[in-house]
Amino acid sequence: MNSRILPTLALIVSVGIFFAYVQPTWSGSIYAAKASIASNDRALAAAKTYTLQQNQLAAARNAIDPTDLAQLARLLPSSVDNVGLILDLNALAARSGLTLSNIDVITNTIAPAKSGGVGVTLSAATGPTGSAELSLSAVGTYAALQSFLVGVEKSERLLDVKDLLVRGSDTGVYDYRMKLSFYWLR
Amino acid sequence: MDIPPTIPTSFVPRSTFASTRRTFTTNFTDVFSIFAYAVLGVVFALALGVFFYGRILAGAQASKDAELAKAEKAIDLATVQGFMQLRDRLTAGQKMLGSHLALSNFFKLVETLLPTNVRVSNLHLTLDTTKRVRLEGAGVAKSFNALAAVSNSFAADGRIKEAIFSNIVVNRDSSVSFALSATLDPKVVAFSP
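If you read the protein sequences in the order shown, they are chains W and L. Going by the working numbering, the residue at position 160 of the first sequence is 161; the numbering climbs one at a time, nothing skipped. Going by the working numbering, the residue at position 47 of the second sequence is 49; the numbering climbs one at a time, nothing skipped.
Extracted from the complex, chain W is given alone in its bound form:
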């Protein structure tokens, strides 16, 4: 009878060790550690790919002339800066011989916070760029209008004349009303 007690105890201890330690540890902490290591491996592979791509992109960016980059930033600035634009248009009009009588940002829609408190007509708030419209009235000769239009078209900041109304007169001085779209990077 005694000779059977020890083997039976051994079996019970075996079962106890298996179900109390081996199995829970294998399916618990070891499984979690393996999953975490696999996840870390994937993240490290992504980080390696990122570093490679970053180096490639940095090389590509460094290959671009800095003056071109600056020009690109002026073409599509990071902020609305409609006040600066109005000043530039005023200066352009003066150079062209056009007298500006009114210039303002159209405020028929509410702008989101990014517009810096100035109401602007915004395009749909999707995509990387925003746009708004500016209305202006001016008086001047036909040649002055042409000069102004060429200046607007070749402006460093991208401007599109979307609406132009010309009212003629017998004096050779015309009234102009136009709406310009301007853009920025959100």
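A portion of the hints provided could be inaccurate.
[To be verified] Okay, the calculated beta carbon distance ranges per label pair:
#1 E157/W / K75/L: 30 to 40 Å
#2 S40/W / V44/L: 25 to 35 Å
#3 V84/W / E74/L: 35 to 45 Å
#4 D66/W / N119/L: 13 to 23 Å
#5 A80/L / L73/W: 16 to 26 Å
#6 D42/W / D78/L: 16 to 26 Å
[Unchecked claim] Result set (EDC-like, lysine to aspartate or glutamate): computed pairs, CA atoms no more than 20 Å apart in a straight line:
#7 K35/W / D67/L
#8 K97/L / D42/W
#9 K189/L / E154/W
#10 K180/W / D164/W
#11 K66/L / E154/W
#12 K66/L / D32/L
#13 K110/L / D42/W
[What the hints assert, rightly or not] If we take Cβ atoms under 8 Å as the criterion, some of the chain L residues that face chain W in the derived model are:
#14 A49
#15 R91
#16 L116
#17 T128
#18 L129
None of these hints come from the bench; they were simulated from the model. Note that this is a predicted model, so its numbers are computed, not measured. We put the CB at the ideal spot given by N, CA and C, even for glycine.
Following the hints, position chain L against chain W.
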């Protein structure tokens, strides 16, 4: 002389049922013991294996965590944002320059197509929803023939499309007032640097 039945005929003990049962029990106990100890040994080995494997994995995980933290630290968010901005600028700039309007080209065209005896008094250029520039205007031609010449000139050139002259009124001085509506060929107002 007969052997009395009380005296055994052999010294070899006869096998009995009881002794067979004892042998079977002994064998079973031995096999069971071997099995039980073997199982204990295997489970013990497994437990040791799991313990050390767990330690090894924990060490590996700690080293991977440190490596990942180092890699994460190497990522500069400002640089990433800079790349994204540059990409957006390049793609959006290219797209916008592709549809950039140059209305001054239209005026240059009108100068070549309009004879000096026709005067435009009002002109309205608008970009419609289909991204085509519409032209609405009004003017005075010195004569009906001058107006016809303008109409022919527009038709022959083809860049001022769907030109419709309406509200044609012959004035007392034989000049002709008219209204004009047309659409512009997108190539006319396309910007070229």
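Now the hints, each set against the structure:
Checked against the given bound of 30 to 40 Å, the beta carbons of E157/W and K75/L, roughly 39 Å apart, stay inside it. At about 32 Å, the beta-carbon gap between S40/W and V44/L stays in the expected band of 25 to 35 Å. Checked against the given bound of 35 to 45 Å, the beta carbons of V84/W and E74/L, roughly 40 Å apart, stay inside it. Checked against the hint of 13 to 23 Å, the pair D66/W and N119/L fails, with Cβ atoms roughly 51 Å apart.
Taking 16 to 26 Å as the suggested C-beta distance range, the pair A80/L and L73/W conforms, at roughly 18 Å. For D42/W paired with D78/L, a C-beta distance near 23 Å keeps the hint of 16 to 26 Å intact. Distance hint between K35/W and D67/L is fulfilled; the C-alpha atoms sit about 13 Å from each other, no more than 20 Å. Between the alpha carbons of K97/L and D42/W the distance comes to roughly 39 Å, so the proposed pair goes past 20 Å and is violated.
Our distance criterion of 20 Å between C-alpha atoms is met by K189/L and E154/W, whose separation comes to about 15 Å. Annotation: proposed proximity of K180/W to D164/W holds, straight-line Cα distance about 5 Å (limit 20 Å). At roughly 56 Å between alpha-carbon atoms, K66/L and E154/W are farther apart than 20 Å, so this suggested pair is violated. The straight-line distance between the Cα atoms of K66/L and D32/L is roughly 50 Å, outside the 20 Å bound, and the hint therefore fails.
For the given pair, K110/L sits about 64 Å from D42/W by alpha-carbon distance, which is inconsistent with the 20 Å threshold. Given hint, A49/L at the interface with chain W, holds; its Cβ is 5 Å from that chain's nearest Cβ, closer than 8 Å. At a threshold of 8 Å, the smallest CB-CB gap from R91/L to chain W is about 5 Å, leaving the interface hint in force. The beta carbon of L116/L is not positioned within 8 Å of any beta carbon in chain W (closest approach about 12 Å), and the interface hint is therefore violated.
Hint status for T128/L relative to chain W: holds, with the closest Cβ pair at about 5 Å, below 8 Å. The interface hint given for L129/L is met, as the beta carbon of that residue sits about 5 Å from the closest beta carbon of chain W, less than 8 Å.
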